[in-house]
Amino acid sequence: MRRPVHAILGTVLLASVVLIQGGCTKRETRDILYIAMGAEPPELNSTKATDTESGMVLGHVMEGLTRINAAGMQVPGVAESWKLTDQGAVFTLRPDARWSDGRPVTANDFVFAWRTAVDPKTASEYAFILFPIKNAEAIVQGRLPPTQLGVAARDDRTLAVTFEKPCGYFLALTSFQTYFPIREDFYTAQQGRYGSDKENLLYNGPFKLTQWIHGAALRFEKNEQYWDQARVKLKRIEVPYITADDSARFNLFKDRKIDLLGLSKNSLDDAVREGFRLKKFAEGSVWFLEYNFISGRLTRNKNLRKAIQLSFDAEEFANKVVGIPGTVPGISLIPGWMQGKSAPFRSEYPVTAVGRDIEKARAYMAAFMKEEGLGKAPSLVWLTGESPLAAREAEYFQNLLKTVLGIELKIDKQIFKQRLAKMMAGEFDIVSAGWGPDYADPMTFADLFASWNENNRGKWKNASYDALIRKAQATTKAAVRMDSMAAAERILLDEQPILPTYERSVIYTHSDRVSGIIRRSVGADPDLSEASARE
Amino acid sequence: MIRYLLKQVTSGLITVYFIATATFFAMHAVPGDPLMGGKATTPEIRANLQRKYGLDRPVLEQYTTFLSNMARGDFGISFTQHNRSVNDIIREHFPISAVLGLLAIAVAATGGVMLGSITAIFRNRLPDRAIMVLVIFGVSVPSFVVAALMQLGITELNRLTGLSILPVGGWGEAGHLVLPALALGLSTLAFLTRLMRSSMLEVTGADYIRTARAKGVSPTGIFFGHQLRNAVLPVITVLGPAIAAITTGGFVVEQVFAIPGLGRYFVQAVHQLDYTVIMGLTVFYGAYLVFMVILVDIAYGLIDPRIRVGKAGGSR
Chain A
1 MRRPVHAILG
11 TVLLASVVLI
21 QGGCTKRETR
31 DILYIAMGAE
41 PPELNSTKAT
51 DTESGMVLGH
61 VMEGLTRINA
71 AGMQVPGVAE
81 SWKLTDQGAV
91 FTLRPDARWS
101 DGRPVTANDF
111 VFAWRTAVDP
121 KTASEYAFIL
131 FPIKNAEAIV
141 QGRLPPTQLG
151 VAARDDRTLA
161 VTFEKPCGYF
171 LALTSFQTYF
181 PIREDFYTAQ
191 QGRYGSDKEN
201 LLYNGPFKLT
211 QWIHGAALRF
221 EKNEQYWDQA
231 RVKLKRIEVP
241 YITADDSARF
251 NLFKDRKIDL
261 LGLSKNSLDD
271 AVREGFRLKK
281 FAEGSVWFLE
291 YNFISGRLTR
301 NKNLRKAIQL
311 SFDAEEFANK
321 VVGIPGTVPG
331 ISLIPGWMQG
341 KSAPFRSEYP
351 VTAVGRDIEK
361 ARAYMAAFMK
371 EEGLGKAPSL
381 VWLTGESPLA
391 AREAEYFQNL
401 LKTVLGIELK
411 IDKQIFKQRL
421 AKMMAGEFDI
431 VSAGWGPDYA
441 DPMTFADLFA
451 SWNENNRGKW
461 KNASYDALIR
471 KAQATTKAAV
481 RMDSMAAAER
491 ILLDEQPILP
501 TYERSVIYTH
511 SDRVSGIIRR
521 SVGADPDLSE
531 ASARE
Chain B
536 MIRYLLKQVT
546 SGLITVYFIA
556 TATFFAMHAV
566 PGDPLMGGKA
576 TTPEIRANLQ
586 RKYGLDRPVL
596 EQYTTFLSNM
606 ARGDFGISFT
616 QHNRSVNDII
626 REHFPISAVL
636 GLLAIAVAAT
646 GGVMLGSITA
656 IFRNRLPDRA
666 IMVLVIFGVS
676 VPSFVVAALM
686 QLGITELNRL
696 TGLSILPVGG
706 WGEAGHLVLP
716 ALALGLSTLA
726 FLTRLMRSSM
736 LEVTGADYIR
746 TARAKGVSPT
756 GIFFGHQLRN
766 AVLPVITVLG
776 PAIAAITTGG
786 FVVEQVFAIP
796 GLGRYFVQAV
806 HQLDYTVIMG
816 LTVFYGAYLV
826 FMVILVDIAY
836 GLIDPRIRVG
846 KAGGSR
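Line by line, the protein sequences are chains A and B.
Residue numbers for the first sequence follow this note's numbering, so the first one is 1 and each next one is one higher.
Residue numbers for the second sequence follow this note's numbering, so the first one is 536 and each next one is one higher.
To be clear, the hints were calculated from the coordinates, so they are not data collected in a lab.
It is possible that some hints are incorrect.
[As the list claims (entries may be wrong)] Per the computed footprint, the stretches of chain A lying under chain B, defined by three or more beta-carbons under 8 Å from a beta-carbon of chain B, are:
{"hint": "1", "region": "45-52"}
{"hint": "2", "region": "212-218"}
{"hint": "3", "region": "247-257"}
{"hint": "4", "region": "417-427"}
{"hint": "5", "region": "513-527"}
Note that the structure is a prediction, hence the values are computed from the model and not measured.
In this text, a Cβ means the ideal position worked out from N, Cα and C, and glycines have one as well.
Construct all of the structure, not just a fragment, from the sequences and the given hints.
Okay, here's the thing in structure tokens:
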């Protein structure tokens, strides 16, 4: 009975020897940066891209009229100069801006891209970002043909834009991906496959894609045709891994396979133990509780909202519940990093934080119950997502509102799409929500709660707020715009259609051999275009 | 045989049709809008999107369109990967899941048969006990924990030795296959070991084994000629569904090891209500499972001559 066993064991040994012969090749590192992405970029057609992964890739391989520099300022990109008025803008394109095939980037390339973006046939989700341009909205609605868009190429190097109404933040829009140029002959030649593979794209940014294995890997190589060669030090950016798994990325970083790593609350402790050098930056988004104002909802009562506000301690929430160092306690809608006239908006228009005051909170609660004729504290529906933070937040508020105000929170936890559907349908009393900026101007936050904005899910409506937003949208004068938005913000903070909770901060680390990684609140992040890497 | 196969294929097709129909209506009944993103769009933009994806049509019309497209093998374009057809996604990513899955099954089947035989031969002695402890571990610890532990272990090992013994993740080289295949195959390996052990013990006590021994057949001859061949039948039975399950169910392992397999697209699609991808992959997986079951039926007949498909009333 022994011999068969030997045969079996022998086979096992042989099999394991054959199996373990992993690749031990030394990989190249000089001027090359390795990163992992959380997901495959789903859309590299700049007129249709909406997500952060696609935005990050496009931000490296394309360039708009302007770009955002390391300091977060809007600087010349394809345009070398411009002139903005209340009626429109004229951009002068630099002569040396070229596509990756060597041909110049012309004004016509912008005209074509913008017309494509508003064309109903394209069905771009981000078409609204072009609405400051004359006729854009009418074209999206199908009332005018795309050729009626208020943009024209006076010659190859002069692009003239006509506004629908004065737009004080137009320059900030021109670095956004939907405003990137596309060359018509190339686009047409792709027969509907533009942006679907590396060969189906033409590049005018600091890098070009030279490899794209779907779901697996991407390779960016320095674009030799890019006009600002001095800015680009890297030879390549390699994305050999695409995985949404946090701990997998952590292990890849520890194994020195990638150079950049974002950290979650859970991996933070491990990172500290490993002695990683931690850095932080304001990711840009602002988070808040949004109350429901459709008829019949108790959250319409201002005293209830005040009571909740005075029960809440944003500082405690940021430190204990969010738990990422550097998280800014939520005190307002327009975040602390946002620029105003010439300095941060918040320093120009300070907001006083409302702290916790339990006695006052209970007084408001009593007034609310009296007004509504309630015998006991009501129960409210709390709609939220499925992330670990969403769960911690829900528990925190459940406990807080129960102990301070006696309110019973019924937690309705939903996956992303279902939560959106319920938000749209108004099936909540309070929803935990957030907003990330599209462009670097306070308006990207301020117009959120205008009564006409589709993203105002609580359907709060305030005539004075609306009027102030309209006023800010009707002029290019910075002082008038900022003053109006600050006044609107004060109304919002008094009326409390939302309770700001925190401004997100991201902790990350990178390997010692790389430097010059730019993290930003608006636009492509991380920005590796000016990074460098040693051996 | 031919008639039997025809019958199987026909009933397989009907099964797939029912899977497709049930999935289609279940999917449309799920609350949520596949075209809705984090940022709301104006009604006009929404209408343009709905028209583009045919969602402005009545559900029944969408259903018939889907069926006629499916009959032509066209599952349409993904809602979330705007430029990619579902067929492209399957073509590019299924082979990856399949290679990984087949390797995992190979590990599980050979390992299970060998370990099961060893435990049966050494019944109640040290090798048996030791292997059964491993088996209990394999059955009870889910693959994502095994995968994460393996990854952590190899990361530490690489660091301690200063070498790159095995890659922590990724795809493209032979070394990339080792850990994921082990992690993916482990629970099946454990299951097959137990199955093989009990089936082997049953065979060992059979009369014909005693007869063979009495006739002076060598132990190796008995083992390979009689025991193994008879004991392996139950393993073959579960192998078909196991292959289908492993090649399609590697989502977590794929995620942990950053492998571009099909599993992640399926899970993502369900989360994002990507209608076309959900439908395409469900039908594909369903057909694949049906195909595997038919294949096992045939293999069964080859290994055990007593089971002859197609003979009157004698199919299973």
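**Request:** If any of the earlier hints don't hold here, list their numbers in rising order.
**Result:** 5
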